[in-house]
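Number of protein chains: 2
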Amino acid sequence: MAMQNGYSNKTQLDVIVVGAGLVGSLEALYLAKRGHRVRLYEFREDIRKTPQARGRSINLALSVRGRRALKDVGLETHMIKEHGIPMTGRRIHRTDGSTYVIPYDANTKQSIYSVGRNYLNGLLLQESEQYGNVERYFNHKLIEANLKKGSLTFLKTDTNETVTVTADLIIGADGAFSAVRKAMMKQPFFDYSQKYIEHGYLELCIPPADNGGFLMPANYLHIWPRGEFMMIALPNQDCSWTVTLFMPFDKFKNLDTEEKLLAFFEKYFPDSIPLIGKKKLVEDFFAVKPSPLVAVKCRPYHVEDKALIIGDAAHAVVPFYGQGMNAGFEDCTLLDQLFQKHHDNLAEILKEFSETRWEDTFAISDLAMYNYIEMRDLVTRPSYKFRKAMDDFIFWLLPNFWVPLYNSVTFSTMPYSLCIKNREWQDRVLKKLLKIVGIGALIGGAVAFKIKYYS
Amino acid sequence: MAMQNGYSNKTQLDVIVVGAGLVGSLEALYLAKRGHRVRLYEFREDIRKTPQARGRSINLALSVRGRRALKDVGLETHMIKEHGIPMTGRRIHRTDGSTYVIPYDANTKQSIYSVGRNYLNGLLLQESEQYGNVERYFNHKLIEANLKKGSLTFLKTDTNETVTVTADLIIGADGAFSAVRKAMMKQPFFDYSQKYIEHGYLELCIPPADNGGFLMPANYLHIWPRGEFMMIALPNQDCSWTVTLFMPFDKFKNLDTEEKLLAFFEKYFPDSIPLIGKKKLVEDFFAVKPSPLVAVKCRPYHVEDKALIIGDAAHAVVPFYGQGMNAGFEDCTLLDQLFQKHHDNLAEILKEFSETRWEDTFAISDLAMYNYIEMRDLVTRPSYKFRKAMDDFIFWLLPNFWVPLYNSVTFSTMPYSLCIKNREWQDRVLKKLLKIVGIGALIGGAVAFKIKYYS
Chain G
1 MAMQNGYSNK
11 TQLDVIVVGA
21 GLVGSLEALY
31 LAKRGHRVRL
41 YEFREDIRKT
51 PQARGRSINL
61 ALSVRGRRAL
71 KDVGLETHMI
81 KEHGIPMTGR
91 RIHRTDGSTY
101 VIPYDANTKQ
111 SIYSVGRNYL
121 NGLLLQESEQ
131 YGNVERYFNH
141 KLIEANLKKG
151 SLTFLKTDTN
161 ETVTVTADLI
171 IGADGAFSAV
181 RKAMMKQPFF
191 DYSQKYIEHG
201 YLELCIPPAD
211 NGGFLMPANY
221 LHIWPRGEFM
231 MIALPNQDCS
241 WTVTLFMPFD
251 KFKNLDTEEK
261 LLAFFEKYFP
271 DSIPLIGKKK
281 LVEDFFAVKP
291 SPLVAVKCRP
301 YHVEDKALII
311 GDAAHAVVPF
321 YGQGMNAGFE
331 DCTLLDQLFQ
341 KHHDNLAEIL
351 KEFSETRWED
361 TFAISDLAMY
371 NYIEMRDLVT
381 RPSYKFRKAM
391 DDFIFWLLPN
401 FWVPLYNSVT
411 FSTMPYSLCI
421 KNREWQDRVL
431 KKLLKIVGIG
441 ALIGGAVAFK
451 IKYYS
Chain V
1 MAMQNGYSNK
11 TQLDVIVVGA
21 GLVGSLEALY
31 LAKRGHRVRL
41 YEFREDIRKT
51 PQARGRSINL
61 ALSVRGRRAL
71 KDVGLETHMI
81 KEHGIPMTGR
91 RIHRTDGSTY
101 VIPYDANTKQ
111 SIYSVGRNYL
121 NGLLLQESEQ
131 YGNVERYFNH
141 KLIEANLKKG
151 SLTFLKTDTN
161 ETVTVTADLI
171 IGADGAFSAV
181 RKAMMKQPFF
191 DYSQKYIEHG
201 YLELCIPPAD
211 NGGFLMPANY
221 LHIWPRGEFM
231 MIALPNQDCS
241 WTVTLFMPFD
251 KFKNLDTEEK
261 LLAFFEKYFP
271 DSIPLIGKKK
281 LVEDFFAVKP
291 SPLVAVKCRP
301 YHVEDKALII
311 GDAAHAVVPF
321 YGQGMNAGFE
331 DCTLLDQLFQ
341 KHHDNLAEIL
351 KEFSETRWED
361 TFAISDLAMY
371 NYIEMRDLVT
381 RPSYKFRKAM
391 DDFIFWLLPN
401 FWVPLYNSVT
411 FSTMPYSLCI
421 KNREWQDRVL
431 KKLLKIVGIG
441 ALIGGAVAFK
451 IKYYS
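Chains as they are written, first to last, in full-length UniProt numbering: chain G, 1 to 455; chain V, 1 to 455.
Hints listed in this document are in silico derivations from the structure and should not be mistaken for laboratory results. Among the clues, some could well be false.
Because identical chains cannot be distinguished in the list, a pair is counted as satisfied if it fits within a single copy or across any two copies.
Stated by the list, open to error - Mimicking DSS-like on lysine-lysine, the simulated pairs with C-alpha atoms at most 27 Å apart in a straight line are: (1) K182 with K195; (2) K71 with K186; (3) K351 with K267; (4) K279 with K49; (5) K435 with K385; (6) K435 with K450; (7) K148 with K431; (8) K278 with K306; (9) K289 with K267; (10) K71 with K195; (11) K141 with K260; (12) K289 with K149; (13) K251 with K49; (14) K267 with K431; (15) K297 with K182; (16) K385 with K33; (17) K186 with K251; (18) K253 with K156; (19) K195 with K253.
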């Protein structure tokens, strides 16, 4: 198969992608477009046949890095126009039930998009059916891997048979608890860390209104920041909301009776009770245990010219920057660029990916950890609001020169590590600026700006 | 067996220790003294039957924490008097071959002791033969573990049979690449990190003199600090020296011919060439590849009331503070104290060990990383020498009040994390002191002290 979809290849590579989740399915499309043979193996059954994947968040925030990848495989417009709900900012809920908005991008009015995990995953898989060079195998659990030989053994969970397959390249996109990564850990010089944070999460639901519409203003990411803990809500296509409570496990444990739970919600999230419904709140809260949140950092990502890990398998992050999927999708985009640059020379592609990508994935991991504190606590403080107003003001004055941190992460494809360096530089400039210009003048400008654009 | 060796137990526990290395063998003795039944499983064959374990350092520095543990099991005097070579300080080798001494403990003249790994390991195993309640199984490789059930499956490497055993308690003392820890990693909330440093090590040897004595002054740890890399030497019982070269892997790679190797040694370690012997240097250097160095941090160390990891399995550290074995032995001492405190209640013993020990093992891991820079680089700098003289001077003035960092780590049983806090407090005090007293007076005192006690 020398020509397919406009790309030309001297050799068709035989690639196995482990994991048909969001990142694995997208990677299969990228490779298929290049004309390579792709076999996609998935432990679970076909997500298109299951109503809801268990133990994973229902919706996700799609931003620019993810959009770029979807555009590359021809699915961006459909997702944004037909199935993404734009969120223009954070809508903060006070304990008295009143709310105010912090726009994500006061100047150019860009949005992030709430998308359904299952829908997007199904769409990516469906799209892969368009390519004759992609094969899909569900209910295949990886039980043994010889990465240096490019050989994998799967257990077929429906028939209990085992099957061993080999390929030119193995790509592990099998998530935070990756089996491919576990095999990689046996290599010497593999640096690895996994860290569980002290907070867990539990999902609740606000149903659609009786008239079928949304019970809260739809185009926001709603946040109830309460210092040590927080609740957030993202809108779904069916006008329901997925509500997620993030809290220390100890605090979850204390809420062991209906009375305690309701007293807790009355105190901290009173406006949410009629929305969720008292009966449903109690039912859903006690139906499942809170889930843990883990951050994984490791490197290198490859074994010789034979195996690579991408997505959560390579860099699971906590969910507080909304960048987990976006970073995983960006892996696929960068990998595709390296296939182009190195003319399908796997040794060079994998080496360069390993050597260059870790700095940015470590950066987004650190940013996501930091953002949890911002979202649940700092966001309500005057110092945060002051800085945010200041940032937006200078961004409005000099849009090409001064891009605030959140905007560079979410609305640009600037490497994550540069986003941090950019912010550090801005911190230094602001410090000097405050001295030179005088605090008064700047506050005046920021307040004027806020009055004009935020209200 | 209700009474044995003076300890009384209401119940005899059935304990499996995985790993009959230094820490596992010592732990078996502690448990045997308490009257518990101990089965000790080891992947390798009996070290008493092998001339030299492969891939592990030949000798080690025994200091106060290790001595306390050996004392508890009745072996300290023998090791120190008969088989330990006291090292009173670092003997620094300049490139011109001249040397000078930095004493470990200028005031109370304490030493660390160079001991042979194999000898000490054999001694601990031999001692366990004195106890009817200890069984030893060699050539048993752990291949499966169900820690919650206290069940382990071993492959007998000589017969290829497998055997499954259960116990009240499983203690993993199976080293930096612990199989017990691997099983533990499957538990949720297990934080884990492994980090390879960019430096590797390679062992060489200085033989005994023709008259059977030492070719260098025996009672020192010899160091050739060269900034980015270093060589050290520890004395052996047979009057030979184990010489270890620590260096970035890149640098090792560059020394790929006999000529380059000799030119490198002529430039940086000229005085060592006649001691090692030119022929032997070339032979030994090219006989093996440099080995990697890994640091492992994790927590918690236990699973319910069933399993615990100790020693390198729980906290492998880089070797630059000479505390790897000492910290592992201290684990055994602390565990024994917890058995006493909680009257053999395993749930409480394991929980308290996990909750209290990690802070100190994380601390010694960080100290060991830091000490590499001190040993190979800082040690030759005026600022280091100045601080060392200052520390020793105040220590001499106020020995109960001011214990320098190295001394608290090496010659006391102060928890490692407190050693660091103590040092941070000293840093603050010194800073203030320098302002108040004036630098001149202090330098004068330190110089006078140095002249009096160091020369």
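Okay, the hints, checked on the actual structure:
In the homo-oligomer, the alpha carbons of K182 and K195 lie at most 27 Å apart both inside one protomer (16 Å) and across protomers (16 Å), since each shortest distance falls under that limit. In this assembly of identical chains, K71 and K186 lie within 27 Å of each other by CA distance neither inside one copy nor across copies; the values are 37 Å within and 38 Å between. Taking identical chains as interchangeable, the C-alpha atoms of K351 and K267 are never at most 27 Å apart, the minima being 53 Å within one chain and 34 Å between chains. In this assembly of identical chains, K279 and K49 lie within 27 Å of each other by CA distance neither inside one copy nor across copies; the values are 30 Å within and 70 Å between.
For the homomeric pair K435 and K385, the shortest alpha-carbon distance inside one copy (20 Å) is at most 27 Å, but the shortest distance between copies (41 Å) is not. Taking identical chains as interchangeable, the C-alpha atoms of K435 and K450 lie at most 27 Å apart only when both belong to the same chain, with a minimum of 22 Å there against 49 Å between chains. Proximity of K148 to K431 under the C-alpha cut-off of 27 Å is found in neither arrangement, the shortest distances being 52 Å within a copy and 55 Å between copies. Taking CA atoms no more than 27 Å apart as the test, K278 paired with K306 passes in neither setting, with 54 Å inside one copy and 41 Å between copies.
Within a single copy, K289 and K267 get their C-alpha atoms as close as 22 Å, which meets the 27 Å cut-off; across copies the closest is 64 Å, which misses it. When the C-alpha separation of K71 and K195 is checked against a cutoff of 27 Å, the pair qualifies neither within a copy, at 33 Å, nor between copies, at 38 Å. Neither within a single protomer nor between protomers do K141 and K260 lie at most 27 Å apart by alpha-carbon distance, with minima of 42 Å and 51 Å respectively. Proximity of K289 and K149 under a CA criterion of 27 Å is satisfied inter-copy only: 23 Å between copies versus 41 Å inside one chain copy.
With identical chains, the CA atoms of K251 and K49 are never at most 27 Å apart, being 37 Å at best within one copy and 56 Å at best between copies. Proximity of K267 and K431 under a CA criterion of 27 Å is satisfied in neither setting, with 39 Å inside one chain copy and 49 Å between copies. Taking the shortest alpha-carbon separations for K297 and K182, both the intra-copy value of 13 Å and the inter-copy value of 18 Å come in at or below 27 Å. In this homomeric assembly, K385 and K33 never come within 27 Å of each other (Cα to Cα): the closest approach is 46 Å inside a single copy and 64 Å across copies.
In this assembly of identical chains, K186 and K251 lie within 27 Å of each other by CA distance solely across copies; the values are 25 Å between and 38 Å within a copy. Within a single copy, K253 and K156 get their C-alpha atoms no closer than 38 Å, and across copies no closer than 45 Å, so neither meets the 27 Å cut-off. Taking the closest pair of Cα atoms, K195 and K253 come within 27 Å of each other only inside a single copy of the chain (21 Å); across copies the shortest separation is 34 Å, beyond that limit.
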